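Novice: Below, each chain spelled out in residue letters.
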Amino acid sequence: MAIDTQVRPSARTAPSRPWRKVSRRRRKDTIAAVIFLSPQLFGLIVFMLGPLGFALYLAFSHWDGFGTATFAGLSNFTELFDNPRIQRSAINTVWFTVLQVPGVMVTAFLFALFMQKAGKMTSVYRLGFVAPVVTSSVAVATIWLYLFNPDISPVNTALKAIGLPAPNWLQDPSFIIPSFAIVGIWQGLGYQLVMFMAGLQSIGASYLEAAELDGCSAWQKLRHVTVPLLSPTILFLSITSIIGSFQVFDYIYVFMDTNAPDEARTIVYEIVQMAFREFNFGAASALAFLLFLVLLGVTGLQMAAQKRWVHYAE
Amino acid sequence: MSAFTDTATRSPETQLRRRPVRPAKLALHFALVVCAVLMALPFLWMMFSSFKPLDEIFRQPPALLPENWTTEGYQKAFEGADFVRGFWNSTYIAVTVTALSLLTSAMAAYAFARIDFRGSRTLFMVFLATMMVPGQLTIIPLYIIMGWLGWIDTPLSLIIPSSLFSAFGVFLMRQYIKGIPRELEEAAELDGASKFRIFTTMILPLLRTPLTALGIFTFLGQWNNFFGPLIFLNSDANFTLPLLVNQFKGQYGADWTALMSATTLVAAPLLIIFAVAQRQIVDGIALSGSKS
Chain A
3 MAIDTQVRPS
13 ARTAPSRPWR
23 KVSRRRRKDT
33 IAAVIFLSPQ
43 LFGLIVFMLG
53 PLGFALYLAF
63 SHWDGFGTAT
73 FAGLSNFTEL
83 FDNPRIQRSA
93 INTVWFTVLQ
103 VPGVMVTAFL
113 FALFMQKAGK
123 MTSVYRLGFV
133 APVVTSSVAV
143 ATIWLYLFNP
153 DISPVNTALK
163 AIGLPAPNWL
173 QDPSFIIPSF
183 AIVGIWQGLG
193 YQLVMFMAGL
203 QSIGASYLEA
213 AELDGCSAWQ
223 KLRHVTVPLL
233 SPTILFLSIT
243 SIIGSFQVFD
253 YIYVFMDTNA
263 PDEARTIVYE
273 IVQMAFREFN
283 FGAASALAFL
293 LFLVLLGVTG
303 LQMAAQKRWV
313 HYAE
Chain B
151 MSAFTDTATR
161 SPETQLRRRP
171 VRPAKLALHF
181 ALVVCAVLMA
191 LPFLWMMFSS
201 FKPLDEIFRQ
211 PPALLPENWT
221 TEGYQKAFEG
231 ADFVRGFWNS
241 TYIAVTVTAL
251 SLLTSAMAAY
261 AFARIDFRGS
271 RTLFMVFLAT
281 MMVPGQLTII
291 PLYIIMGWLG
301 WIDTPLSLII
311 PSSLFSAFGV
321 FLMRQYIKGI
331 PRELEEAAEL
341 DGASKFRIFT
351 TMILPLLRTP
361 LTALGIFTFL
371 GQWNNFFGPL
381 IFLNSDANFT
391 LPLLVNQFKG
401 QYGADWTALM
411 SATTLVAAPL
421 LIIFAVAQRQ
431 IVDGIALSGS
441 KS
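Quick note, the sequences are listed as chains A and B, same order. The numbers in the working numbering rise by one with no breaks, and the one at position 126 of the first sequence is 128. The numbers in the working numbering rise by one with no breaks, and the one at position 230 of the second sequence is 380.
Quick caveat, the hints were computed from the structure, so don't treat them as lab data. Among the hints, erroneous ones may be present.
[Said to hold, decoys possible] Cβ pair distances, simulated, as ranges:
#, chain 1, residue 1, chain 2, residue 2, range
1, B, T272, A, N85, 37 to 43 Å
2, A, V96, B, G300, 35 to 41 Å
3, B, L176, A, N85, 53 to 59 Å
4, B, A404, A, E265, 20 to 26 Å
5, B, G329, A, F73, 46 to 52 Å
6, B, R347, A, L58, 48 to 54 Å
7, B, R347, A, V300, 42 to 48 Å
8, A, T70, B, T241, 38 to 44 Å
9, A, P167, B, L176, 31 to 37 Å
10, A, L166, B, V187, 16 to 22 Å
11, A, L58, B, A425, 41 to 47 Å
12, B, L278, A, I37, 30 to 36 Å
13, A, W97, B, D386, 48 to 54 Å
Keep in mind that this is a model prediction, so the values were computed, not measured. Virtual Cβ for every residue (Gly too), placed ideally from N, Cα, C.
Excised from the complex, chain A in its bound form (with noise of 0.2 Å):
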């Protein structure tokens, strides 16, 4: 987590060089560093920086593309607050979230700790979980349209066999959201598994014997020692998987098409439905802010939260 940005102070000055000399070296170096970094100042510039303006610009305007854009205050804004359907889409990222990421996180731990155990065989067992991280979400999503499928889905026919109700995943209301947990679940598992495996890695034997030594239960070595230790992993993993779940569209899309229900409606579904299929730019991008807000104040949170619970090593 720590990011290294102190310029090295030896660096900047050589005062016992003529003022001359250090100068044109100077301009031959910002000369340099301009001929590095042109692409992807190019592309700052071209592709994030003057989007990210323009997106302001439509979010304060009305425009479907075509004419010209007119100012239309805080109308977008408004007008989204009043959408009964913006409120349940944003109900639904949210019960999503709660789902997958502590669903994801929590699962992830107990693993990684398992696979610690298991010696050489971790890179056997980790080719299932890894597996869906480098598939396709569209293909991760079109194999859950079948497991989901109550007419053919395997997974219906042994909740059966075992006395459980089957649910009907897609269609039934209050399943849609866990359906699409379940499936986050699933593909996002290998990643945190590797993660925290990489942070597990990284503790010392030694704090562990040591806790051993002073006779420490197996749980108060996970609490007391484990835990603490893995604290900026868990962190960095809260951060980027809220941040990821909060943008989650690829599998309602997959699942639903262009006509989802309002129940399976979330925030980003409703952007791209709103700009490229109504195209009314100007409210699709106040809710984009809207959504970037959001995910800044989490972040926000999480960082001012991080000085109660993070502990960096030495």
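Fit chain B to the known structure of chain A by using the hints.
Specialist: Below, chain B alone, put in the same frame as chain A:
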């Protein structure tokens, strides 16, 4: 990043204390085997279903293995959509973006890590800050810009932005270059070597590991990308594999053997790459987090 394969190094005492096979260990391995197979089961289901005749899909209770193996599904898949073309489109975009973005990211990272110029820190902070911007916010203006450029429905709309801007790539490479000892470069500079010479002959070769990791990530991201192509591409001939499968699903929705064949066609290349290069991919994932 040496290994996940061996557990943390044991002190000699604990090694002596270790008994050959304990029932707890056996139970652990059994549980992990079951879970790993469960995780892989959806893929196995997809693959075996693609070789079933359609009536076996609807048979109750469903069986994993086909009774009568058939390639009917694949024939229908190739008739229904041009997957060869899609494969080419996906590969062309993913390979071009990966090559260009590795180069531009490493170049910018070198400037940030090694050249002292005014505004370096601020500019780097701007790069970092853009990582927070969700893609959905910029895609609407980008769509309009692509329209002005006449790039809608061309691979350029996907290749150029990703090749010329990657905040994550610049960040990752900069962290790496910062970690390389500076002495050699300083010596070369005193000998009159230019920054370009130092970059190409000294820095780039040392970046092999992180560039491989970033390359794998970039390739995976591009190959699997659905959102960008969905917005920018609209004619079948330009479709990438994920778009083709999604479209195929709309047409052959109830024909599960054909649909599972199409899905297998999309998933298989990456699953094969993954099986071959598991080590590099896993190390790459771990590395992407450790430098952040």
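Novice: If a hint holds in the structure, say so; if it doesn't, say that too.
Specialist: Hints, one by one, checked against the model:
no. : hint                         : result
1   : T272/B to N85/A: 37 to 43 Å  : 39 Å, holds
2   : V96/A to G300/B: 35 to 41 Å  : 40 Å, holds
3   : L176/B to N85/A: 53 to 59 Å  : 57 Å, holds
4   : A404/B to E265/A: 20 to 26 Å : 23 Å, holds
5   : G329/B to F73/A: 46 to 52 Å  : 50 Å, holds
6   : R347/B to L58/A: 48 to 54 Å  : 43 Å, violated
7   : R347/B to V300/A: 42 to 48 Å : 46 Å, holds
8   : T70/A to T241/B: 38 to 44 Å  : 41 Å, holds
9   : P167/A to L176/B: 31 to 37 Å : 34 Å, holds
10  : L166/A to V187/B: 16 to 22 Å : 20 Å, holds
11  : L58/A to A425/B: 41 to 47 Å  : 46 Å, holds
12  : L278/B to I37/A: 30 to 36 Å  : 22 Å, violated
13  : W97/A to D386/B: 48 to 54 Å  : 36 Å, violated
Hints 6, 12, 13 from the list above are not met by this structure, while the remaining hints are.
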